[in-house]
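Enquirer: Below are the chains, spelled out letter by letter.
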Amino acid sequence: MDMRLIQQVEQLYMRKDSLPDFRPGDIVRVVTKYTEDDKEKEQVFEGVVIRRRGSGTSETFTVRRIGAHNVAVERTFFLHSPAIVRLEVVRRQKVRRARLYYLRELKGKAARLREDRARAEADKQRGRQLESRAIADEASEDSAQE
Amino acid sequence: MIKSIIGRKVGMTSIFTEDGQHTPVTVIQAGPCFVVQRKTVQKDGYSAVQLGYLPIRERKANKPMRGHFKKAGLPPMKFLCEFRIPDEINVEVGEEITVSSFKPGDIVKVTGTSKGRGFAGVMKRWGMSGQRDSHGSRYHRQPASLGPQGPQRVFKGHRMPGRYGGKTVTIRGLKVVGVDSENHLLLLKGSVPGWKGSIVKIQADKP
Numbered sequence: 333m334d335m336r337l338i339q340q341v342e343q344l345y346m347r348k349d350s351l352p353d354f355r356p357g358d359i360v361r362v363v364t365k366y367t368e369d370d371k372e373k374e375q376v377f378e379g380v381v382i383r384r385r386g387s388g389t390s391e392t393f394t395v396r397r398i399g400a401h402n403v404a405v406e407r408t409f410f411l412h413s414p415a416i417v418r419l420e421v422v423r424r425q426k427v428r429r430a431r432l433y434y435l436r437e438l439k440g441k442a443a444r445l446r447e448d449r450a451r452a453e454a455d456k457q458r459g460r461q462l463e464s465r466a467i468a469d470e471a472s473e474d475s476a477q478e
Numbered sequence: 017m018i019k020s021i022i023g024r025k026v027g028m029t030s031i032f033t034e035d036g037q038h039t040p041v042t043v044i045q046a047g048p049c050f051v052v053q054r055k056t057v058q059k060d061g062y063s064a065v066q067l068g069y070l071p072i073r074e075r076k077a078n079k080p081m082r083g084h085f086k087k088a089g090l091p092p093m094k095f096l097c098e099f100r101i102p103d104e105i106n107v108e109v110g111e112e113i114t115v116s117s118f119k120p121g122d123i124v125k126v127t128g129t130s131k132g133r134g135f136a137g138v139m140k141r142w143g144m145s146g147q148r149d150s151h152g153s154r155y156h157r158q159p160a161s162l163g164p165q166g167p168q169r170v171f172k173g174h175r176m177p178g179r180y181g182g183k184t185v186t187i188r189g190l191k192v193v194g195v196d197s198e199n200h201l202l203l204l205k206g207s208v209p210g211w212k213g214s215i216v217k218i219q220a221d222k223p
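Listed in order, the protein sequences are those of chains A and B.
Mapping of the first sequence onto our numbering: position 16 corresponds to residue 348, and the numbering continues sequentially without gaps.
Mapping of the second sequence onto our numbering: position 160 corresponds to residue 176, and the numbering continues sequentially without gaps.
In case anyone wonders, no lab produced these hints; they're calculated from the structure.
Treat the hints with care, since some could be wrong.
Covered by chain B, per the in silico footprint, the following chain A stretches (three or more residues, Cβ under 8 angstroms) [as the list claims (entries may be wrong)]: (1) 340-349; (2) 382-392; (3) 457-469.
Computed spacing ranges between beta-carbons, pair by pair [claimed, not checked]: (4) Glu372/A x Asp60/B: 34 to 40 angstroms; (5) Arg385/A x Ser197/B: 19 to 25 angstroms; (6) Gln147/B x Tyr434/A: 51 to 57 angstroms.
This structure is a prediction, so every number in the text was calculated from the model and none was measured.
The beta carbon of each residue, even a glycine, is placed where N, CA and C say it ideally should be.
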């Protein structure tokens with residue numbers, strides 16, 4: 333049967349806003365919402381992305397962080413889950429494989445990763461560009477008003 | 017409007033429901049179907065509708081079929097299926113039935129032909145455990161004892177290897193989670209018998 337139909341259906345349930353580009357090794361902050369006593373609350377989970385897998389609506393990523401009492405917590409999120417409100421990349425890090433399961437065996441200082449300067453720099457450039465564009469937009473708006 | 021339709025299994029995927037739950041769904045392309053014949057208690061001894069699905073060219077149908085469809089004033093169709101409905105429901109011959117007669121939240125049952133697995137052993141066919149693969153065992157996937165020494169025969173209906181699958185199977189209690197009347201698609205929570213592209217019957221189920 334036609335796979336295009338499946339993709340068409342999946343499209344409807346995938347996120348419309350795009351999350352920033354992130355890779356295994358990057359440190360991210362994932363902000364999710366949940367309801368408690370009919371109140372909507374936000375929860376933050378920050379850690380290293382150790383895996384990205386899947387495609388379409390079932391694409392997921394796993395974040396590992398060291399929680400209280402030095403207990404490691406891994407949480408897997410659906411990339412397209414409507415529960416994810418926001419995702420920020422905190423730090424770009426350099427890794428040489430796609431699945432960072434080896435971090436589970438490492439503790440403390442050994443579990444650190446080196447920063448990926450090149451990609452961090454690229455992020456900064458992009459940020460600056462966006463900023464200058466915003467300023468330019470504002471300026472052109474001002475001149476239009478005049 | 018009767019809640020019965022013929023469709024084709026497109027495949028499975030997953031969606032997010034409104035409360036954010038990730039849900040497995042089967043996508044079915046169903047209809048538009050047409051009522052070809054109305055069977056009544058007075059005339060046929062039972063009450064049902066016969067639905068046709070997928071129109072074909074006139075010359076592709078044989079003569080008796082052409083006559084049958086002509087009587088309903090419809091073009092010949094590839095598939096015909098009968099659905100039992102109560103006698104008092106008023107349905108006209110020629111009436112079109114689309115997925116829009118279903119709505120999210122409906123409970124349906126789906127009838128299809130399960131995947132044929134050919135001649136299968138007892139582990140696959142009946143889920144038996146088999147015997148150990150090592151420690152000197154030379155009896156790996158076989159059924160072991162066939163019964164007591166008692167009557168000196170094997171009881172009827174004893175589970176043995178044989179043809180598995182390829183049978184008509186009905187799955188009940190599936191929930192409709194999405195309807196796309198533009199593309200004639202139904203999204204049902206859970207799995208449905210048969211291969212992708214196989215024909216399935218969908219009808220309302222008692223909750």
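Enquirer: Indicate, hint by hint, whether the structure satisfies it.
Expert: Structure-based check of each hint:
1. With a cut-off of 8 angstroms between beta carbons, the segment 340-349 of chain A has 5 residues touching chain B; three or more are needed, and the interface restraint holds.
2. Closer than 8 angstroms: that is the beta-carbon criterion, and the segment 382-392 of chain A has 3 residues meeting it against chain B, so the requirement of 3 holds.
3. Closer than 8 angstroms: that is the beta-carbon criterion, and the segment 457-469 of chain A has 0 residues meeting it against chain B, so the requirement of 3 is violated.
4. Distance hint check for Glu372/A and Asp60/B: the Cβ-Cβ separation is about 57 angstroms, which falls outside the suggested range of 34 to 40 angstroms.
5. Between Arg385/A and Ser197/B the beta carbons are some 34 angstroms apart, a value that contradicts the proposed interval 19 to 25 angstroms.
6. For Gln147/B paired with Tyr434/A, a C-beta distance near 39 angstroms fails the hint of 51 to 57 angstroms.
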